[in-house]
Amino acid sequence: MARKSSKKTTNKNKSNSDIKGLLWIAAGFILMIGVYTDLAGLFSNISKNILFVLIGIGSYVIPLYIMYYGVLTIKSKGNLSINKNLYPVTFFMINTILMVSSLSIDSVEDKNISLMEFIFKVFDNPSWNNGGLLGIIISYPLYKLLGIIGSIIIYMLIYAICLILIFDLSIFDIGLNLKTKSKDIKDKVSTKNNLKEKKKENIQLEPYVEQDGYIEGINKKIKILDFMKNSSIHSDEGEKPREIAVFQMGDTKSESKSESKKLDNNLKEVVNREITEKITESKADVKYNIPKLEYLNTNNNLNINKEDKKELIASATKLEETLSSFGVEAKVLQVTKGPAVTRYELQPSAGVKVSKIVNLSDDIALSLAASGVRIEAPIPGKSAVGIEVPNKVITAVFLREVLDEEKFKSSSSSVAFAIGKDIAGQCVVADLSKMPHLLIAGATGSGKSVCINTLIMSILYKYSPSEVSLLMIDPKVVELSVYNGIPHLLIPVVTDPKKAAGALNWAVNEMTRRYKLFAETGVRNIQSYNTLMEKGETEEKLPYIVIIVDELADLMMVCPNDVEEYIARLAQMARAAGMHLVLATQRPSVDVITGVIKANIPSRISFAVSSQIDSRTILDSSGAEKLLGKGDMLFYPVGESKPQRIQGAFISEEEVEKVVSSIKSEMEEANYDEQIIEHINSESSSNGNSSNDEDADELLDEAIKVVVESGQASASYIQRRLRIGFNRAARIIEQLEEREIITKKDGSKPRQVLITREEIEDF
Numbered sequence: 001m002a003r004k005s006s007k008k009t010t011n012k013n014k015s016n017s018d019i020k021g022l023l024w025i026a027a028g029f030i031l032m033i034g035v036y037t038d039l040a041g042l043f044s045n046i047s048k049n050i051l052f053v054l055i056g057i058g059s060y061v062i063p064l065y066i067m068y069y070g071v072l073t074i075k076s077k078g079n080l081s082i083n084k085n086l087y088p089v090t091f092f093m094i095n096t097i098l099m100v101s102s103l104s105i106d107s108v109e110d111k112n113i114s115l116m117e118f119i120f121k122v123f124d125n126p127s128w129n130n131g132g133l134l135g136i137i138i139s140y141p142l143y144k145l146l147g148i149i150g151s152i153i154i155y156m157l158i159y160a161i162c163l164i165l166i167f168d169l170s171i172f173d174i175g176l177n178l179k180t181k182s183k184d185i186k187d188k189v190s191t192k193n194n195l196k197e198k199k200k201e202n203i204q205l206e207p208y209v210e211q212d213g214y215i216e217g218i219n220k221k222i223k224i225l226d227f228m229k230n231s232s233i234h235s236d237e238g239e240k241p242r243e244i245a246v247f248q249m250g251d252t253k254s255e256s257k258s259e260s261k262k263l264d265n266n267l268k269e270v271v272n273r274e275i276t277e278k279i280t281e282s283k284a285d286v287k288y289n290i291p292k293l294e295y296l297n298t299n300n301n302l303n304i305n306k307e308d309k310k311e312l313i314a315s316a317t318k319l320e321e322t323l324s325s326f327g328v329e330a331k332v333l334q335v336t337k338g339p340a341v342t343r344y345e346l347q348p349s350a351g352v353k354v355s356k357i358v359n360l361s362d363d364i365a366l367s368l369a370a371s372g373v374r375i376e377a378p379i380p381g382k383s384a385v386g387i388e389v390p391n392k393v394i395t396a397v398f399l400r401e402v403l404d405e406e407k408f409k410s411s412s413s414s415v416a417f418a419i420g421k422d423i424a425g426q427c428v429v430a431d432l433s434k435m436p437h438l439l440i441a442g443a444t445g446s447g448k449s450v451c452i453n454t455l456i457m458s459i460l461y462k463y464s465p466s467e468v469s470l471l472m473i474d475p476k477v478v479e480l481s482v483y484n485g486i487p488h489l490l491i492p493v494v495t496d497p498k499k500a501a502g503a504l505n506w507a508v509n510e511m512t513r514r515y516k517l518f519a520e521t522g523v524r525n526i527q528s529y530n531t532l533m534e535k536g537e538t539e540e541k542l543p544y545i546v547i548i549v550d551e552l553a554d555l556m557m558v559c560p561n562d563v564e565e566y567i568a569r570l571a572q573m574a575r576a577a578g579m580h581l582v583l584a585t586q587r588p589s590v591d592v593i594t595g596v597i598k599a600n601i602p603s604r605i606s607f608a609v610s611s612q613i614d615s616r617t618i619l620d621s622s623g624a625e626k627l628l629g630k631g632d633m634l635f636y637p638v639g640e641s642k643p644q645r646i647q648g649a650f651i652s653e654e655e656v657e658k659v660v661s662s663i664k665s666e667m668e669e670a671n672y673d674e675q676i677i678e679h680i681n682s683e684s685s686s687n688g689n690s691s692n693d694e695d696a697d698e699l700l701d702e703a704i705k706v707v708v709e710s711g712q713a714s715a716s717y718i719q720r721r722l723r724i725g726f727n728r729a730a731r732i733i734e735q736l737e738e739r740e741i742i743t744k745k746d747g748s749k750p751r752q753v754l755i756t757r758e759e760i761e762d763f
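Counting from 1, one number per residue, gives the positions in the sequence shown under full-length UniProt numbering.
You may find that some hints are simply not true.
Said to hold, decoys possible - Once the Cα atoms are required to be at most 27 Å apart in a straight line, the calculated DSSO-like pairs of lysine-lysine come out as:
| id | residue 1 | residue 2 |
| --- | --- | --- |
| 1 | Lys598 | Lys499 |
| 2 | Lys309 | Lys498 |
| 3 | Lys749 | Lys705 |
| 4 | Lys499 | Lys287 |
| 5 | Lys292 | Lys331 |
| 6 | Lys434 | Lys407 |
| 7 | Lys309 | Lys434 |
FYI, nobody ran anything at the bench for these hints, they're computed from the structure.
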């Protein structure tokens, strides 16, 4: 009953407030007609005379103020109180009346006029150009005390206070916004001038990087870094086309270098002829043009607005408040917005344990309304704790952005490839020759295949086939087959898992052959050997070979022993020979990433995984289970103490097809190495035969004779006839079934013998 009565009272108050509000609005509207016009007849004359005498210019504001009060009454639903807006609006109106009164007093010629004389003057001539009796009575003492200048200063101060209260502003924010706008205008003007000067000088433009911005919090200064400012897409649309380098694979550098050698002219001609013939045999007379960057898409969504900055500073304040509520005092020093995550750098107060912040990860995610946060404690090289919060919208990093960076173009690495951008927006370019092998793992759809495509594209955009060659193994068949026909491939993409073991076996043999060459020439690695070739002391230039395996799990299921052995040998020894492994798998379990493989492949890339166990299998630490997917990765190269979070570069299938098609159109038919193909085929066939022979039981021939002569086949029958154990007899039955000598088991029916006595000799 009490609840029902309270509800009735509430509804009654609401209806009363609506009625009161409408009455106030109607009264204000009628008064406005009376003051502003003569349409209200006698009421117009009375209202004008009374209001002009009392408040002067305030007569025009009073009707609007009454209507405003009525609107507030309706909005408050019966709970009207003098709120923060009604106070400053009232004082703003009163201040205007007083200031007009002071100005009207100052406009009188006789400055010594008394207050009563001025009041009688207002009575005699009521007008809007003064503040009325009330305004004169209140403003006259202030005018006499401070004069007109002092009075106006007081009135302006009251105006400023009212505006701050009405619009909820702060003087510091106003000054900071004006400073930021003026700074932006100066930066834009200086940038345009710099671009014009550089265009005149025909200098290749560097990407313009704006200065780091600062945003003020409640009681501190926080540095805001935005990755979008570091993008190279801020250049003009009229970009100069990139010059395409042409590699003449038949070009021999020995002709220019051999002058330093004391060789006869005839000997020089013989050496040059042999080198030319050698290179010609290995697809040498082919010109390779680096593809145009126009085939790759550009990223136009690279703008940060002021709302984003306000959200960042609000989140930083909320983060501090959340930690403070749990007794952790820390300050946010810097906020760095990346493509996928935003990192808040915290500096804990003295005596605060870092582990206490790490244990609050779930509470921080709850307060920031995030799906999950990753805490990096501490940030390498800084005395701060990093809290990485996912962005509401993930900004893609296109491969063209990284390939167009000077960091990639001018890289002197032997096998450089683009990875993506870090949290600060800096492009990350890695050197595969220093890794020296790379393991890529992650759940389905997290970005492994795109990462492999970016690696291959980086090689195609930087190196000729004489510098870097590719050997691709793709058990999934459809991922890498698009690259068939490019000149960098030694052989077509291997899709048969059994032939993949043969391809790895060839790689081991090639590694051994290269080490023999190094021993003969007295060098230790491929760089020294190729240097001798440039000097004319060797006949063959050895390219780097990148071996890419797109799905390691399939290979480990088909032939685990051979694959693990070959990968282990390559991982242990192939670095100096210029051969590098890139292994990718979507099943990061210990039976796929074995201890031998893991120990010899120190560089890893982990995409999003489902559990912390998988993360530890890949990186030896947790963190990958909190990644967002869609290219969000942890890059852990050899020599680093902690993995680095990177948003991987994206390239679509259409872009890959465009680039590959352009390369194929400029080349003749693919010239694969037939010796490698024959080696792989022979290895796969010999492995198949040897596996059958090795698995065959010693008593298999005798068991075949027994089964054919008796016409029946069962494990118990062979056990009795050959006097062996049941387990061995069962294995013999399985081998007979594999060789199609007997039929498969069909319920309770006996097995049938499929060959005759005359056919025994064939087996």
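Structure-based check of all given hints:
Of the pairs offered as hints, the one joining Lys598 and Lys499 holds, with about 23 Å between alpha carbons and a cut-off of 27 Å not exceeded. Taken as a hint, the Lys309 and Lys498 pair is broken in the structure, with Cα atoms around 56 Å apart against an allowance of 27 Å. Taken as a hint, the Lys749 and Lys705 pair is honoured in the structure, with Cα atoms around 22 Å apart against an allowance of 27 Å. A threshold of 27 Å between alpha carbons decides the hint, and for Lys499 with Lys287 the separation of about 31 Å lies outside it, so the pair is violated.
Among the hinted pairs, Lys292 with Lys331 is inconsistent with the structure: their alpha-carbon atoms are about 48 Å apart, more than 27 Å. Proximity of Lys434 to Lys407 is assessed by CA-CA distance (about 17 Å); at most 27 Å being required, the pair is judged to hold. Restraint check for Lys309 and Lys434: the C-alpha separation of about 39 Å exceeds 27 Å, so the hint is violated.
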